[in-house]
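Could you use the hints to bring the two separately framed chains together as a complex?
Going down the list, the protein sequences come from chains A and B.
Mapping the first sequence onto the working numbering, position 478 (from 1) lands on 478, and the numbers just tick up by one.
Mapping the second sequence onto the working numbering, position 47 (from 1) lands on 47, and the numbers just tick up by one.
There could be a bad hint or two in this list.
Within a straight-line C-alpha distance of at most 25 Å, the following computed SDA-like cross-link-like pairs (lysine to any residue) qualify [claimed, not checked]:
(1) K162/A / I17/B
(2) K40/B / A421/A
(3) K40/B / F26/B
(4) K132/A / R95/B
(5) K132/A / Q96/B
(6) K132/A / Y90/B
Residues from chain B shown here face chain A by an in silico Cβ test under 10 Å; the list is partial [claimed, not checked]:
(7) S13
(8) Y14
(9) I17
(10) E44
(11) N45
(12) D66
(13) I69
(14) S73
Computed beta-carbon distance windows for the label pairs [as the list claims (entries may be wrong)]:
(15) F112/B / G413/A: 43 to 51 Å
(16) A410/A / N74/B: 30 to 38 Å
(17) A175/A / F112/B: 18 to 26 Å
(18) A410/A / T124/B: 55 to 63 Å
(19) A410/A / G41/B: 26 to 34 Å
(20) E449/A / N74/B: 22 to 30 Å
(21) K59/B / S16/A: 43 to 51 Å
(22) Y215/A / N138/B: 47 to 55 Å
Since the hints were derived computationally from the structure, they do not count as laboratory data.
Please read all numbers here as calculations on a predicted model, not as lab measurements.
Where is the CB? At the ideal position from N, CA and C, for every residue including glycine.
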Amino acid sequence: MATIHVDGKDYEVDGSDNLLHACLSLGLDIPYFCWHPAMGSVGACRQCAVKQYKDADDTRGTLVMSCMAPVKDDAYISIEDDEAKDFRASVIEWLMTNHPHDCPVCEEGGHCHLQDMTVMTGHDRRRYRFAKRTHRNQNLGPFIGHEMNRCITCYRCVRFYKDYAGGEDLGAFGAHENIYFGRTTDGTLENEFSGNLTEVCPTGVFTDQTHSEHYTRKWDMQFAPSICHGCSSGCNISPGERYGDVRRIENRYNGEVNHYFLCDRGRFGYGYVNRADRPRQPVMRVDSDDERRDELLDVGGALDHSAERLKKAQRVIGIGSPRASLESNHVLRELVGAEHFSTGIAQQEYENLQLMLEIQREGALPTPSMREIEDHDAVIVLGEDLMQTAARVALAVRQAANGRAQDLAAEIGIPAWNANAVNTLAQGRQYPVFLATLTETRMDDLARERFHGSAEEIARLGFAVAHALDDSAPAVEGLDEATQTLVSTIAEALMTAERPLIISGGSMGSREVIQAAANLARALRQRDRRGSLTLVSGEANSTGLAMLGGHSLDWALDSLGEGDAVVVLENDLYARADAERVDRALGAAECVVCADHQSTPTWLRADIGLPVATFAEGDGTLVSHEGRAQRFFQVYDPSYYRPNDLTHESWRWLHALHTTMEARRVDWTQLDEVTEDCAEHHPQLAGIRDAAPSASFRIKGQKLAREPHRYSGRTAMRANISVSEPRAPQDADSAFTFSMEGYNGYAEPRSQVAFAWAPGWNSPQAWNKFQDEVGGHLTGSDPGNRLFEPEPDNRLEYFTAVPGRFEQRDDAWRVARLPHLFGSDEMSARAEPIQQRMSAPYVALSEGDARRLGVDVGTELTFTIGSHRLTLPLRISSELRDGVLGVPALPTMPAAVNHEWAHLGEETKA
Amino acid sequence: MEPSTRDASASSSYSLIASDQYPDDFVLSDEEREAIEQEKGHFENPRAASIEALKIVQKRRGWVPDGAIYAISNVLGIPSSDVEGVATFYSLIFRQPVGRHVILICDSSSCFLTDYEQLRDAFTRELGIGFGQTTEDNRFTLLPVCCLGACDRGPALMIDEDLHGPVDPGDVASLLEQYA
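Same shape as in the complex, but just chain B (with noise of 0.2 Å):
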């Protein structure tokens, strides 16, 4: 089916040209489109933005959901195309929804070689759940990363914001305690 001309209520202007109906059941709040209005700014292209727009909309929501991208190609003027392909070439934007908190635990080599996998092991225990997971309570996801950049701290890992490391598998359950 030719797919209608573009909502009248969703944009001021009204064209002949048949073009994809963007979804209209995600709004960016008046916060999250400022903030990318005003990153824009910084850049000539505003292709440059992506990145930042997406970390605006996550920061906010956790994680991108679909809509997301479509209102940020909308803001930046650029195709939902180019926004999903940045938002799915970086490993921690989010385009599905994650827990609360997000574990990152370090595989790379300086962390493998400090016992990163009873790390690991320690945390799938602890929590009952595999990578790209996340609990039932929706408290946590669990990701590995490739480097957190703390090769002296390994083995290493990330919850939210915070490093740890170097971190005893047998501290697990206490690390994660403070977590709620």
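So that you can see chain A by itself, here it is in the shape it has in the complex (with noise of 0.2 Å):
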């Protein structure tokens, strides 16, 4: 700690920090443009200057870039003194010489950083008569707009694209006041994280593609602290509403998740929530000659054929979701009773989560949260292709890998933030990451060593590195002299880091990758080593089902007979299982129930249909792949603007079916009562309970606003509808209100912040009021509560079961699916953004094969994967081993084919 003397007053700070991140962390005010907390300082738009003194008697001082002066105790400096304003003024000026000053036409405007620094620094009048230098703009593909006149060049795009998160197509060219920032030509932005620059950059560059189709200023916009739905990782978002459809997709700041950063996926694919063909009424489909006919229904109507059709069945199954919150697939559980709920998860892939679960509470290493991810000195990945499947965990082992820079700084004393002097000193040197995957990945460039096989040889890897660490792990045969080289390159690493991470996780569908991680963790532990294990799991609650339990989703399509009925919850069994089975088994009920938002092909095919809430319309609890117990709150009321969407949450219309179906009152009418229950019957879920303030929080005795207070047209907005106004939606389940009244500062701790806002900060840097310090915890503490024990049980032994070598075969090829950032995501796949992005179908086989095939890239192939015939254009792999068949897992492609032996078809082979 060190004492400043800011203005005449003191302050104690951290030593460590420079000036600009302690002023910020105190709650001072100094315009910046070019200092990011996550990327650190390089002192180029010389927007922060203050006066540094040499002591209490001096009174002249000298001006300093505060995010390039490091913090000194007993420093006198003086953010208020003249010159250092003066001269704060006259940079912003020269910035803003060839800004187009656009604000109305911008969509930066109202969340923008340079006009909030113009306004900061009290630059209200325009000298400059000349001519302004004027650039052409980039189609940077559907995500991202460029308007490049608006650039006041303070190279955050750049250092966060480039050195942060590895990106490479997008650079600065030129030089002087002639500074272009885009891509060498014309062309989508290929980096997973693109779309923070419409955040990082502070100004209108880069904005959201996807929010100029239906554009509102920030302030016009109705937010909830959310979760994002796309993969396991529990990235904390912030939707904006307006008119009943979702806007745009903000982060949201977790300290301890995402903080400053989403992926492309999260942020780019929420146009699901909009789809026009989105069921918003009850539907039952009526057989009438010969025809089947929809016929909309009112609740009551939905609710009382659905509890007739239930009654009459001799038993009702219920089909879960790992994309419904707990409490909706709790309501489900207990409607149709624990004997009878499956978690809507295949069997394999169930399995897996409760491998990994059980890894995750009783294994040898603790679970790391995402920001912890980034402070590890050897990652090793096995068989997770991270980028597609969890791209923010890839970004965080990206920083893992950078952090060499950093401590190599920090032994010769410069300090962590000095962002050039230590990129400059590491000469892009990085911390070991070996990557074991099928093939080739986005972050290969990250990797020290990369190692291609298919599933038994990733296992067989992680085991010999295992053995390797500790003779008292299973030993494995026959390996060749290549991959023992690099068994003990590995093993070494492990052993010399300081904390050593193990990923790895389900998306291979390997039960013994999973194992072979555990092997590696309790090894390492064995050896006394520090370190951690991350299991990824596939969706954004798979880890919550498997903790919930039940059974898996073969055991649902299994059991489905005659005079069965089945309920199913926000759930496309046609995603996860081959359409014949799935048919047989609806086929062979009474009566399917279907809860849903999407028009899926199950929706279509069951015979009443209950239409939900997603994300934006609905509050519920997920839990990450780290066991972090996350609440998402509803964003907007529906039936405000649609007076006939009769969506509800899940739980709600299952809660009420049961009750009806009983006969009886409802038990529950606010989410938190549900919550409450689901914590009491499952003990392991108790901590649920405290993922977020119950409804009843308040804020010097007000609930919490979603919308800012310069809201506008609260009165109009409906006027198409009926010129009397109603009153605004009330919210029984949260402590939010769908109104700007409310509380919406940063004095008072809190966690669930809708919307970053404080007075003169409109733009996302406006979280530095809302954290104990500046890129730090949130003032209330990170949102969230870790379900996991620190420390697990280290009770879990070996695994012994090492597999044998991969068995090629001449006439099969071995199908291993290949997840797709864009694509894999059922939902995200149904936005159209998304859409644009997403690979078209094809088959991957090794050069090898190919060569012997006689077949080159595009050919087309079919194959034939049990009862499927696939017939598609050829991709190929250098990297892919010979005999295995990559089939993208994409939502036209067959689901369940994992591991399944493909055969040439017939017409190919002639």
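In structure tokens form, the structure reads like this:
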């Protein structure tokens, strides 16, 4: 700690910070542009100048850039000094000389850091009278809009894109006053984190193009704290809504999870919420004259019909979903009874989830938070293509590798925040990352060593490294020399590291790969190494469902028989199992009730459909792969804008259905009661109570506002429906109001922040005000509650089932699903901008196999996999091993084909 | 549209990862490629060879065409955006075609004091072009330069590799005669 004297007041600050960071953390306002809490200082923009004095007697002082000045104990500085103020005013004036001043038509306007800093600096008169330099803009793809004229040359975009996120196709071109940030040619920005440019850019050069389509100013949107449903990472998001449409997704700061950054699937994949073909009213399929027609129902009718049909059934089976909240799944489980409840997850995946859970609770090493992943000095990834399955984790792993730079700098006294000095010193040196995956990945540039092989081979590598670390771990027989050398290299790197991290997950569908990761963890622990283990699960609530427990989807499909009815919760069974099998199961059932928010094949097949809420229209709790229970809150009330919209949360529908069947009154009228009941019934989920404050939470007697206080047009926005303005919707389920009325400040600690705003801070940089120190944790603690103990039991013994070698066959290829960031998530794949980035279906073979078959890239090949027959263009990989057929995990591709054998179709052979 | 997988003929290895397809209408000569490879060998970090690589291409071609940016980035194994960043930073790396001879007239203080403006006007008159332009016969490109380190010889200028100065505005025509 150090004491600094700022404008005559004394403050205690962290001595390792720079002055800007320290002052902002104290809540003092200093304007800045190029500095970013996650990217450190470069001293480029000169905006954060302050006066620094030698001692208490020095009256002249010198101007310093506060972002480049280390905090010194007993330092005297002044922010308010006239010379410093004049300097800052002149800096912004010349930064603004070429700025087009097009705020009224600029999409950044209203949440613009440049606007905020201009106002803060008092620059309100324009004196520059000459021609401005102008640029030609580029088409950067469906996600990001480009308007270079607005640039103030802070370099944040390339520093994020290249240095932080490892992107390659955004650069800074030109020199002096003619600098251009863009690609070498027009084209889609390739990096998976390009969306963060919209927040990192302090002005409107990079804007969210999906937002453009239905633009609304930040102050006119309604927000709620939400959780991304795109994968199992549990990133915190802040969706903004207007007129019943989600308009954009902004990052929501959580110092333990995603902090400032999201992946592009999470940011741009929300379009499914707004789809015109979403079911908004209950529907019943009525058979008449050999025709099946849809009859729309009201709530009462839907409940009565469903209850009647379900009561007639001998047995009601419930199929839950890893994309639905714990509360909704719990209510379904209560409705059908535990013995009839399926999690809706396929057998193989479910068993692997249970295995991962066991390892996370009883294994040898703790599960790190996403933020903690950044703080490891050796990483081995077994089997998981992180960039496609949990992209935000891949970004965290990149920071772990780059952490070497800061540690090297620390050795010679360069502070971690001095970004240019740190990078120059490091010269690209990184901590070791070892990637063992099926084939090439989009994070290969990070890898010190790569290993490509089948699931068995990856597992064998993991088992072998564990054995190399600890003799008592089972040994692997018959490894070739190259693999043996790699095993030694990895073992040595893990032993040398202070904090090694092991990452694996379920996407390969291989039990052995996960077991190998557990053995690695145990071996490290046996050798007294600290370290961590991250196990990535599949979907937003896969880990939650595994903790809740139930049967697998296969059980449900196999058991459905005559006289049974089935209630399917937010789950498209056709996306998880073979169509024939699902058809057979649903066909056998007397009645299929489907609760979903999308018009999926399962919905279309159901006898009764109940329209339910997405994350935007309802609340609930999810458990991320790190075991963090997090609550997402309803963003808007759809019936306010669409009076016939009968969308309700699944738990509300299913509880009402339950009580209707039992002809009694409802027990639960608000979410907290369901959460409480779920926690009571499932001790392992007791911690979900603390995932978020209850509906009775108040600050200074007030609920929390979902809308900024400048929210406009409320009295008129429904005038097309009725000129009399109804009362704003009331929210019984949470501490938030559907209104600008309520607390929206930062002075009182809170962890659930719908939108970040503070006086003078309209941009995402307003998060500064909500953090204990800038870039640290939220003042009211970071949202969510970890359900795993910090230290697992270390009860698990070594797994001993070392798989044998991959048995390559002459006549068949083993199928391996290849996950895709854009396309493999069922919901975001329904969003239009994501669809533009989705790969066309293909099959992939190794270079050797392609040569053997005499086929080339693009050749149409036919394969049969079980009952499936695929005719698709070929892609070839030099990294894929022979004997494996890669099949992308895309919506139109068969789901349950992992590890099956594929045969070449007859016509191709000929 | 999704960019297609990198053309197999352009690279010896196949990848599933769709990446930008580089235009293949430009090929480095063997000589250029070798020279760049050699420069690359001099440095621990191949980035350090960027400027030399650009100079190698420019030396033989007079300027650096778009395709060369991608070709250099392939040889050095660094992103094309990095190569382009370097190429556009330096005003003497030409990213547009120039004439057979490039005239650089110094416009910094010493030369300014020794009547650079008259010299500039003489060139403009003689060639019928302004700064940044190339004569129609593709013989000369006229550019300003900030300092040639020849302050004792102001007003100074450089044509190709030759430094001239002090140059009398009246001698411009005869000076140009030396460059066909």
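Verification of the supplied hints:
1. K162/A / I17/B: Holds, at roughly 19 Å.
2. K40/B / A421/A: 24 Å, holds
3. K40/B / F26/B: 20 Å, holds
4. K132/A / R95/B: This hinted pair holds, its Cα atoms lying about 23 Å apart.
5. K132/A / Q96/B: 23 Å, holds
6. K132/A / Y90/B: Distance ~22 Å between K132/A and Y90/B Cα, so the pair holds.
7. S13: Since chain A brings a Cβ to about 4 Å from S13/B, closer than 10 Å, the hint holds.
8. Y14: Nearest chain A Cβ about 4 Å off; hint holds.
9. I17: Nearest chain A Cβ about 6 Å off; hint holds.
10. E44: 7 Å, holds
11. N45: 6 Å, holds
12. D66: 8 Å, holds
13. I69: Nearest chain A Cβ about 6 Å off; hint holds.
14. S73: 9 Å, holds
15. F112/B / G413/A: 43 to 51 Å: Holds, since F112/B and G413/A (Cβ atoms, about 45 Å apart) stay within the stated range.
16. A410/A / N74/B: 30 to 38 Å: 36 Å, holds
17. A175/A / F112/B: 18 to 26 Å: Taking Cβ atoms as reference, A175/A and F112/B lie about 21 Å apart, which means the hint holds.
18. A410/A / T124/B: 55 to 63 Å: With a Cβ separation near 57 Å, A410/A and T124/B satisfy 55 to 63 Å, so the hint holds.
19. A410/A / G41/B: 26 to 34 Å: At roughly 33 Å between Cβ atoms, G41/B and A410/A fall inside 26 to 34 Å, so the hint holds.
20. E449/A / N74/B: 22 to 30 Å: Since the Cβ atoms of E449/A and N74/B sit about 23 Å apart, the hinted range of 22 to 30 Å holds.
21. K59/B / S16/A: 43 to 51 Å: 49 Å, holds
22. Y215/A / N138/B: 47 to 55 Å: Roughly 49 Å apart at Cβ, these two residues keep to the hinted range, so it holds.
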